[in-house]
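Chains as they are written, first to last, in this note's numbering: chain V, 1 to 503; chain B, 1 to 503; chain W, 1 to 503; chain X, 1 to 503.
These are computed hints drawn from the structure, not numbers from a lab. One or more hints might be untrue.
Here are a few chain B residues that face chain W, going by a calculated C-beta distance under 10 Å [as the list claims (entries may be wrong)]:
(1) ASP35
(2) GLY58
(3) ARG63
(4) HIS74
(5) ALA76
(6) LEU80
(7) ASP81
(8) ALA86
(9) HIS138
(10) VAL140
(11) GLN166
(12) PHE238
(13) PRO325
(14) SER433
(15) SER436
(16) ARG438
This structure is a prediction, so every number in the text was calculated from the model and none was measured. Ideal Cβ positions, reconstructed from N, Cα and C, are used throughout, including at glycine.
4 protein chains.
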Amino acid sequence: MIRVPAEPAGRLSDAWRHCVGTGRIELALRRDYQDSLALLQRDIGFRYIRGHGLLDDGMGVYRPYDHQGSRHIHHAFTYLDQVVDAYRELGIRPFLELGFMPAELASGDQTVFWWRGNVTPPRSHQEWADLVRATLRHLVDRHGLEEVRTWPIEVWNEPNLADFWQGADEQAYHRLYEVTAHAVKDVDAALQVGGPALSPMSDDWLDRFAEFAERRDVPVDFVSKHAYTSGPAQHVPFGAHQTLAPASDLLEQFATPRDRLKGTRLDGLPVHITEFNSSYRPDNPVHDTAFHAAYLAPVLAWGGDLVDSFSYWTFSDMFEESGVPTALFHGGFGLLTHRQVRKPTYHLYAFMARMGPELLARGDDHLVTRHPDGRITVLAWAPVDPTGETPGPDRHPVRFSLPIGAAAEAFVRRSTVDEEHGNAYTAWRHMGSPRSPRRGQLDVLHEAAEPARTHRRLPVHQGRADLDLTLARHEITLVELTPIADETPPWWDEDRLLGREPS
Amino acid sequence: MIRVPAEPAGRLSDAWRHCVGTGRIELALRRDYQDSLALLQRDIGFRYIRGHGLLDDGMGVYRPYDHQGSRHIHHAFTYLDQVVDAYRELGIRPFLELGFMPAELASGDQTVFWWRGNVTPPRSHQEWADLVRATLRHLVDRHGLEEVRTWPIEVWNEPNLADFWQGADEQAYHRLYEVTAHAVKDVDAALQVGGPALSPMSDDWLDRFAEFAERRDVPVDFVSKHAYTSGPAQHVPFGAHQTLAPASDLLEQFATPRDRLKGTRLDGLPVHITEFNSSYRPDNPVHDTAFHAAYLAPVLAWGGDLVDSFSYWTFSDMFEESGVPTALFHGGFGLLTHRQVRKPTYHLYAFMARMGPELLARGDDHLVTRHPDGRITVLAWAPVDPTGETPGPDRHPVRFSLPIGAAAEAFVRRSTVDEEHGNAYTAWRHMGSPRSPRRGQLDVLHEAAEPARTHRRLPVHQGRADLDLTLARHEITLVELTPIADETPPWWDEDRLLGREPS
Amino acid sequence: MIRVPAEPAGRLSDAWRHCVGTGRIELALRRDYQDSLALLQRDIGFRYIRGHGLLDDGMGVYRPYDHQGSRHIHHAFTYLDQVVDAYRELGIRPFLELGFMPAELASGDQTVFWWRGNVTPPRSHQEWADLVRATLRHLVDRHGLEEVRTWPIEVWNEPNLADFWQGADEQAYHRLYEVTAHAVKDVDAALQVGGPALSPMSDDWLDRFAEFAERRDVPVDFVSKHAYTSGPAQHVPFGAHQTLAPASDLLEQFATPRDRLKGTRLDGLPVHITEFNSSYRPDNPVHDTAFHAAYLAPVLAWGGDLVDSFSYWTFSDMFEESGVPTALFHGGFGLLTHRQVRKPTYHLYAFMARMGPELLARGDDHLVTRHPDGRITVLAWAPVDPTGETPGPDRHPVRFSLPIGAAAEAFVRRSTVDEEHGNAYTAWRHMGSPRSPRRGQLDVLHEAAEPARTHRRLPVHQGRADLDLTLARHEITLVELTPIADETPPWWDEDRLLGREPS
Amino acid sequence: MIRVPAEPAGRLSDAWRHCVGTGRIELALRRDYQDSLALLQRDIGFRYIRGHGLLDDGMGVYRPYDHQGSRHIHHAFTYLDQVVDAYRELGIRPFLELGFMPAELASGDQTVFWWRGNVTPPRSHQEWADLVRATLRHLVDRHGLEEVRTWPIEVWNEPNLADFWQGADEQAYHRLYEVTAHAVKDVDAALQVGGPALSPMSDDWLDRFAEFAERRDVPVDFVSKHAYTSGPAQHVPFGAHQTLAPASDLLEQFATPRDRLKGTRLDGLPVHITEFNSSYRPDNPVHDTAFHAAYLAPVLAWGGDLVDSFSYWTFSDMFEESGVPTALFHGGFGLLTHRQVRKPTYHLYAFMARMGPELLARGDDHLVTRHPDGRITVLAWAPVDPTGETPGPDRHPVRFSLPIGAAAEAFVRRSTVDEEHGNAYTAWRHMGSPRSPRRGQLDVLHEAAEPARTHRRLPVHQGRADLDLTLARHEITLVELTPIADETPPWWDEDRLLGREPS
């Protein structure tokens, strides 16, 4: 029995919803993408969104041409404006990642992903700086300086990996960073620039990034890195399986920058985990499961103690790094897959979005908060085994004594997501894994994606209610308790209702 | 075990959705009404809608005035057009009930209901006939003759009750009918006119109506009456309790016109039950319950054998015959109450709307149909005790052997409504019966009104699947079985999914 | 030539959009009403809305009943909550007018309007006070105290007229006011209560109201009165014609309370004109015309100098004081008539809503403002003859020299409303005055209601552009000038475009 | 004066709206595309839509993979289903063009367009046939056989051009056609297959296509070709200028297949012009102008006499054959550009959609039709000079005597599009050609794109009304005349309206 204190331990950080990841920016032009993002913002409400490919050819920004015998550059914002306008209409702001390289500005032809992002340094750092300045000036003109000052600007993505930056050339990255950071500040000194957007296990780059920033006196407004926990991949066609490190490993990855940068020039800067997930592969079915929601629950509950944001990679399966998905469920990163079918991890975020600002209790399997109006909200989750050796416990009890206050009874509403409930993936498997479900099947999947809801009354004694929960395998559950102000009229006699059992 | 034959016994009649009732027509101007009707049409799809008050003062149709010293009549269709336009946009057509009497055309001042419908004969039958002709001509002009010929036109409401027709004066009704029917046919001979819209237990009026029609050679295109099963009312403030006759009593009331009119001039005419429900009171909480859905299920399953339509009175609690409702749930007739909160009986209709056209089996607690694409749909319901003496059984088993065809397995999706599920009324009681729930409470009620959904796979042997259902108290349940075409790829190994129990 | 200075003369008051009037509150349940209000809020954006009938029987608030042999009162907010919830979703707040009297609380049976508002004092001032307290407590519970503190609460309507308050009994009104004001403050001392909502030409009541407030030490947070300018009515069926006093007469009526209350206890309180219009009749065709927009333009331009708000009576023709309208255009007060057909006066408000905050110039036929981004906005209007003796001038020239700033050219966009343009009424007359237009006719009317738009470029010399306007009869025109940042590429040659005249 | 006869000359063909072109199918996933298409379907209502790239890599259909040591092909319809579902929701059907070649099925690496469609024959005709069969079977499964039988299936695009089909190899095309046609018929014999989708000036291919079809006994259900009238291009950065042949040249191009195929096996088959426009370039500003609408008007009026359909290439500027557009107006083919800004040619189509089925008169500058309800609709257009030598006449008079029938007056509504009205392009030029307009500028452009509307009454004498039109330069105008049924009440006196001139 967890006796939850009536006095809050503090405020619950909302670093968990500061930012979310997206497939390449061009995909934001799509309807399914925007419909999904609208749902996300209604139920969760992220503040920023970050993805690759802002300057890729598909966005059509960098446009050299010849006129009267000489070469000129046009910077065109037709699509960028459509994307950012859509974001703002949907109540979200861009977390700008500058990259990859326009083909005609690139120094080489190495590309990454099915959609061929060019990962080589610019042929001309001057033209790159012009491109950065022109883009930011345009955004400032269109959206206002006050607004754009709130948009973080990150230089490139995972330069420490040769897949993402030719040769993983650290000196070349530092040069790119320096040129870019100065170009950003040319536009306005209060714009926020940062990096180096490292992949996991490369924190030694941080040390040298700090040293470089100091040595060259380069502006850095925030520090960023990524975090994933998956082991080696076992491949199948269009997919892969991996075991995972424990979720605590993610928290440990979050924690290192603050420690490591102590005493450096970058000490105290905001730290953004600009990507995190379990597996880094967009074709691992773990992303579609209830297991995944239960696995990540403690990360959302505790992550905000360690960093300023940690951005789930990515909100939607509208994502093409390894090609066009061949089936509705395909192990994509998304909180929802195509057609706005929500996955269990979507509900984990939606449940977090219903927690109150006062942190009352937090533990290995629970988080308890209170709203200003007195409602108490409990998020509880079952333990999981990320090694794949056991299926995890099929029942997990949690008991709370909750400080409800003066009412005689509490209204209790429970929302459940587990292997059977709030789980479109299981329904889809039951249906026979239809690769491209028909309208009627999609309707069933949308219904199956809805968490199971139950409600009841709970007695309150001396200001406290006892809540007994038994979680199913991989369950995450949200319980909301509201003190009851009973308006049942004095003449009401339940027993006169036809079919009611005598009380 | 019910062995359902593979050969259909016939087609399932859809008389159950031919028509639905509504509070007075003027209420159709309201937004909550229209929002609710839109939901209804999406989930159920009624063809016609019938309510009182088409010609009442609130509709502003009959408008005498003086000009240059003499009296004239203006017929104004400002609101009538807004209402009928809205109906047609929502995919439903009016079942026109002519009444009640405009105050300035009335011969007396007797009124019915909180909203004061005048129930006296016209001062001038000529002006009444003018009013009828003008109204129908206007509708024909606006909507087209072909369209209006499909709209039944019913003369008055329950003239056999002194509350609805001054003195329950049968001769006066016959005169009104005759004048009206001829006025209708003046506009177009193919318009459909009928009556006499009798209240229950008054079938002797039918005999005399047939005799009158013959004697006076009056056009009658259909015959209408009403059916209710409630006993005497026990009053409480803003409410009443009643016991009910068994549901079979409703079916017996439906059956009498065809029998009784055999051999008369009205033999073979369409018979419309233009109102039916359990209790005739808009303040009996039985209407809000799961009991009610289970009680009416057999009526929907069998009623179409007996009549051409039976119109549930009424679709929404936006209804004011006994005044403005004082609480969200108040025992109103509605399939849904205000704010589009759906009741269990709404789901009974929505479940019926998912049944297929081929009738495979039908019994005391079930209805089994098939769709052209092979899907089998089972509606099952628990027995109820309408006397109030017992709560009814708390468990009711039903077992079927269903002809699925060649697939190896069937996908089974079950939707459940009972005392706990798909039951906003129970949730509202748990909340403390908030008379006017807040936004957050309404959200909970909307969720609680959603049927519980489960899904699984069922093996098929020799073309048949065995379906075991155990119904909870007052449960209605819809089960849809779809043969599975399995698209799971050959390389899929469930056991490699993290957290899965070894199969 | 009006030389508009570059330095603003001050801020333009937006008292003109502080509040707008509505037909009785119950009508807010209707869809046409809400659709119209949504349009209004999109184009204009009023802050408050005020109408009669908050406590009338149609709202169902005051509900006496007997239980166990004694009489009780239920206060029911089913409809009030639907209305206020809708208002808030539409971004507008209620300006609460307490009245009229519920029939069962009334001391007499005198009513006003087709919809029979009871205008007699309460049988029991205690029960009235209970009703006021219960209503406000409920609103505070639902919407929060901070919110409700911003809603003005006005006691009754035009008590100085015997039609609206039995006998125009001043003592009885003072008693009602006192009881009500104390009831309001019982709920929360910071709620805002006021009155006396006088009809025009009755400012002597103000003196005695101030004296009464002082003598009895009664709370008064604001003072309210009404203003109309119409002369005697010449009646036709369903209509009336009247001449009008000049618009300046409205401004004079606005001005009196501040003067008159100087030195009294009410000195310095906010003054709200809680109703104003030209004619006080809802069946005078003047409301539908371009004349009316031009007539009221100076009132909107200058009124904010004199009062804290002046509330146009009323936003929509969904209004039933003299019965259900018999034709689409019927001389109703509305800024728009049914089916969201906008009238010229709607556009006057929409044009005002596009004016900037900096007041540059103001005159008998114009208002010039500037936006923070440098856009200059000109509203100009033609003179009118409210006596009906002349049609007013058919051409009215206005010329401006406008301070545009550094650009070489300005983009000029003009929106015109006059007898032919932005004038659905004229189109409707051309169509043959169809009383209840069909869908296709409504489409034409919606198009005809759209202002005519033209656009061109204007040269700028030494920071100034000369704008020559010629206004047609009864025209109101909005001109927006934007400095041009030309992005035409250097290679563009207009003459190469097919069909272009050589430049 | 054109005396329009009262007896119709026949029915007006609607071949003009049978089909419309689109940028590559993948773009249909985008929101701007779908929003634009929704508008188009509301105002025009095309039946079919045809574009390139159905099988391109961006659609992700053809997906080879290795499993257990051998190669397999997966056919994936994730995006194809999203596209076709969207089309059907928007009330339009696909006109399927099979092409281009998936990279992994291609025999070479030649590509066309910025988006790199592979234009080489398949490496394996067997795998290509499998791909065609799998795609069509999937569409039949999803949408039903009856539905898919109505979708024309065209084999490849412009194989007679080496840019679109490697080497313009006719034998290779015939082989592809043959394999494809048989694959189509394998799925269902009633599916409609055709070709050869020729570019202009290549009708000799038709002769050989007919001969080939006969010789090899290959199914052909329809014949298709393209038509354009532009001359050589004069290039500027991101654009080109061209002169045009007269519009009659398009009609001549339409006419040849029926003549040429007389007596062949293909005689009498439906002929579809599956692409037509003035210029074939997506960067010629002529597409944005009023000139263009006037130029094409006679083509829409007469084209249906010559072919079964002629499909405007393309509905939207969401089109990327020569890259991402660098400015809102960029000379794209679209009837509308990005952000749903409609061009003059959009209105030409919308005007055509308002014409009635009875063809009363047709000439060089006009088309007159009647609706079943008696409305007469006149489309008139100004002459244009496609050589660029003159700007065309600045005034063009047209006069009609129109058979209105018995009414005393007609209501006349005119919608005008010319250089100044209904012309967002002109407004955009006035604004300074903003490459990526802001929200406020887009609002202005949307307004500027609206045709100018006027309305008046016209007297009718002996059943006829005289209509005098003067067209401005490049004007297209739609006039609708409706006989007036006057409902003005007898007491109405216009002169009593304030501000009216005495009549």
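Hint check against the structure, violated hint numbers in rising order: 10, 11, 14
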